[in-house]
Amino acid sequence: MTGERVQRRLAAILAADVVGYSRLMDVDEEGTLRTLKAQRQIIDGLVARYGGRVFGSAGDSVIAEFSSAVEAVRCAVEIQQDLEKSNAELPEERLMRFRIGINLGDVMVEGEDLLGDGVNVAARLEGLAETGGICISGAVYDQVAGKISQALEFMGEQALKNIEGPVRAYRIAPEGAKPETPVGARTSAALEFTPPERPSIAIVPFKSLGTDPDKDYLADGIRLGISATLTQLSGLFLVHAPALNVYRGQEVSAPSVGAEVGARYILEGAVQQAGDRVRVTVQLTDVEGGRTILAERYDRVLVDVFLLQDEITREVISSLNIKLATNEINRVWFAKLTSPEAVEYYYRAASHFYEINKDDNAIARDLFEQLYRVQPDSVVGPSYISVTHWMDAFFDWTEPAAGSMEQAATWAKTAMEYEDNNGIGHAVFGHLLLLDGKYDEALATCSTGTKLRSSCPLAHGLLGLVLNYCGESKSAVKSVKEALQLEKDYPVWLIDILAVAYRDCGDVALSIPAAKESLRLNPQSTEAKLILCSDYKLADDHDRARRVADEIIAGNPAFRLSDYAKSQPYKNPAALDRLMDVLREAGLPE
Numbered sequence: 162m163t164g165e166r167v168q169r170r171l172a173a174i175l176a177a178d179v180v181g182y183s184r185l186m187d188v189d190e191e192g193t194l195r196t197l198k199a200q201r202q203i204i205d206g207l208v209a210r211y212g213g214r215v216f217g218s219a220g221d222s223v224i225a226e227f228s229s230a231v232e233a234v235r236c237a238v239e240i241q242q243d244l245e246k247s248n249a250e251l252p253e254e255r256l257m258r259f260r261i262g263i264n265l266g267d268v269m270v271e272g273e274d275l276l277g278d279g280v281n282v283a284a285r286l287e288g289l290a291e292t293g294g295i296c297i298s299g300a301v302y303d304q305v306a307g308k309i310s311q312a313l314e315f316m317g318e319q320a321l322k323n324i325e326g327p328v329r330a331y332r333i334a335p336e337g338a339k340p341e342t343p344v345g346a347r348t349s350a351a352l353e354f355t356p357p358e359r360p361s362i363a364i365v366p367f368k369s370l371g372t373d374p375d376k377d378y379l380a381d382g383i384r385l386g387i388s389a390t391l392t393q394l395s396g397l398f399l400v401h402a403p404a405l406n407v408y409r410g411q412e413v414s415a416p417s418v419g420a421e422v423g424a425r426y427i428l429e430g431a432v433q434q435a436g437d438r439v440r441v442t443v444q445l446t447d448v449e450g451g452r453t454i455l456a457e458r459y460d461r462v463l464v465d466v467f468l469l470q471d472e473i474t475r476e477v478i479s480s481l482n483i484k485l486a487t488n489e490i491n492r493v494w495f496a497k498l499t500s501p502e503a504v505e506y507y508y509r510a511a512s513h514f515y516e517i518n519k520d521d522n523a524i525a526r527d528l529f530e531q532l533y534r535v536q537p538d539s540v541v542g543p544s545y546i547s548v549t550h551w552m553d554a555f556f557d558w559t560e561p562a563a564g565s566m567e568q569a570a571t572w573a574k575t576a577m578e579y580e581d582n583n584g585i586g587h588a589v590f591g592h593l594l595l596l597d598g599k600y601d602e603a604l605a606t607c608s609t610g611t612k613l614r615s616s617c618p619l620a621h622g623l624l625g626l627v628l629n630y631c632g633e634s635k636s637a638v639k640s641v642k643e644a645l646q647l648e649k650d651y652p653v654w655l656i657d658i659l660a661v662a663y664r665d666c667g668d669v670a671l672s673i674p675a676a677k678e679s680l681r682l683n684p685q686s687t688e689a690k691l692i693l694c695s696d697y698k699l700a701d702d703h704d705r706a707r708r709v710a711d712e713i714i715a716g717n718p719a720f721r722l723s724d725y726a727k728s729q730p731y732k733n734p735a736a737l738d739r740l741m742d743v744l745r746e747a748g749l750p751e
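Residue 751 is where the sequence shown ends in the numbering used here, and the numbering goes up by one at each step.
Hint data in this document are derived by calculation from the structure and do not stem from the laboratory.
Among the hints, a few may not be true.
What the hints assert, rightly or not - In silico lysine-lysine, PhoX-like type, Cα no more than 20 Å apart, as pairs:
(1) Lys612 with Lys574
(2) Lys322 with Lys519
(3) Lys574 with Lys599
(4) Lys612 with Lys642
(5) Lys639 with Lys612
(6) Lys732 with Lys635
(7) Lys599 with Lys727
(8) Lys198 with Lys246
(9) Lys642 with Lys677
(10) Lys732 with Lys599
Stated by the list, open to error - Simulated restraints on C-beta separations:
(11) Gly410 with Glu318: 13 to 21 Å
(12) Gln685 with Ala334: 17 to 25 Å
(13) Ala523 with Gly299: 28 to 36 Å
The C-beta atom is built at its ideal place from N, Cα and C for all residues, glycine as well.
I would like the entire structure built from these sequences, with the hints used as guidance.
As structure tokens, then:
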């Protein structure tokens, strides 16, 4: 006997939820229930008018289905407009606002109820929406684009809890807002940069021409090795390697890459290993001049691959006519990895390290530890081991973070003792000194890190962080913008530092768009929401400040300012007190 067949259908699902409902109930339980009942009447009436059906309502949430994605979105827009009007008569502490998420997907029918990922995605998207806002999936976007008057702003591909694969998400902008800025375009002055005065170069991922995929790490390792050396040269502006990983496996032209990343020179290459021999071809193109200025093929035995790497690096430096500062020639230090085992460990580790995620970071650390074991006289092992531990702590990849920070400090101090040290240890240890309240030492150490690593976004970013907490906000802005220009793909942690530096030097008008960009990239970021909340309060936009405060509490009911203050190591206690006062006035709990 076969089981009963599950009935399925395609539906547009609208999920709505009150922001800060628990807080509202604590303030006035009976009044909150009356307001909720009144607003539910508005919602239910509009759902019916647009041909929808409410099939789920528990507490402060509503879930409805529509046969048309366009009608679902139009209904959501009118819901938010009418709810805002109904809030006009309420005092600020009793304002009730909803977030709405909409998805178009396959659902399972069980009586009057609907189940499945089609419903779950809508609920997850609701959590990404702003207070009083609407967030839709890519499937909905494809149906409504060009059919509604509101602008649609791309929020990127979002990883949603318990949903397999990323989901495209879009924010529906309020009526009258300008259309979405294309992905990659930066119109805000907060994220605009002047072209570097130094020669700028980007090294695209080298092609692996072998048939053994286990050897692909060699092509990546050679590219990253060349990049690691050029990072340390003060006469060159090097686009950070991870920003170029998007070109891996693609057929791209040097002019197109140059235009996209803002680099004048593009270095391309290919690597082929056969037995104990390796062949490397490289081409260096002057995009502005429209000419190839270096084209070479190298055939070497595998054990000489680091010597080959240094030879290519010297050819690039010569071709670009870069004048090396005193002692910089000694930083072409990879030839000092004399052990063939160490060479392979480095290449394998590098290919994982620049993926910038928890699992690859752990694999990279293990390989760097093996490198240090076979060649302890090289700074490569200790410096990279230190930064992998630092990343575990900084990005909350380990619990508790204190153990990772202790390991990072130990290995960073070891790296700093090497005569040919590469500056990584200084960048990491400088930040740890800041957290320990040793402000002058932190500033001096991070400054040394940027001198040793002229094109390193980590070094410039951490110097900016230290500068800001030491009260030098304008210098912090300059340092972080240098880091972001090197990165090109604008990581959230750097944008957050920039937004804080703008705020702390009094330029709230630039801090707000920077914080918004951080939230666009990571809508769940509590740090970015705290920055934006303080920005709005400082700009006397009290209503928006309160809305963001409600979002913070809704996302993390346990949030307390007393805990947050411990993570803000300002040198001047008065600066921290001012920030806490601003956030407290915005409505965040002590």
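These are the hints, each one checked on the structure:
The straight-line distance between the Cα atoms of Lys612 and Lys574 is roughly 17 Å, inside the 20 Å bound, and the hint therefore holds. Pair hint Lys322 plus Lys519 holds up; C-alpha atoms about 17 Å apart against a cutoff of 20 Å. Only pairs whose Cα atoms come within 20 Å are accepted, and Lys574 paired with Lys599 is accepted, the gap being roughly 15 Å. For a cut-off of 20 Å, the pair hint linking Lys612 to Lys642 stands: about 16 Å separates their Cα positions.
At roughly 15 Å between alpha-carbon atoms, Lys639 and Lys612 fall within 20 Å of each other, so this suggested pair holds. Taking the CA atoms of Lys732 and Lys635, the gap is near 16 Å; set against the 20 Å cutoff, the hint holds. Simply put, Lys599 and Lys727 have alpha-carbon atoms about 16 Å apart, close enough for the 20 Å limit, and the pair holds. Under the criterion of a C-alpha separation no larger than 20 Å, the hint pairing Lys198 with Lys246 is consistent with the structure, at around 15 Å.
For the proposed pair Lys642 and Lys677, the alpha carbon gap of about 17 Å is at most 20 Å, so the pair holds. Distance restraint check for Lys732 and Lys599: the Cα-Cα separation of roughly 9 Å lies within the 20 Å cut-off, and the hinted pair is therefore satisfied. The hinted window of 13 to 21 Å between Gly410 and Glu318 holds, with their beta carbons roughly 19 Å apart. For the pair Gln685 and Ala334, the supplied restraint of 17 to 25 Å holds, since their beta-carbon distance comes to about 20 Å.
Separated by about 32 Å at the C-beta atoms, Ala523 and Gly299 satisfy the suggested range of 28 to 36 Å.
Every hint, counting from the list given before, is met by this structure.
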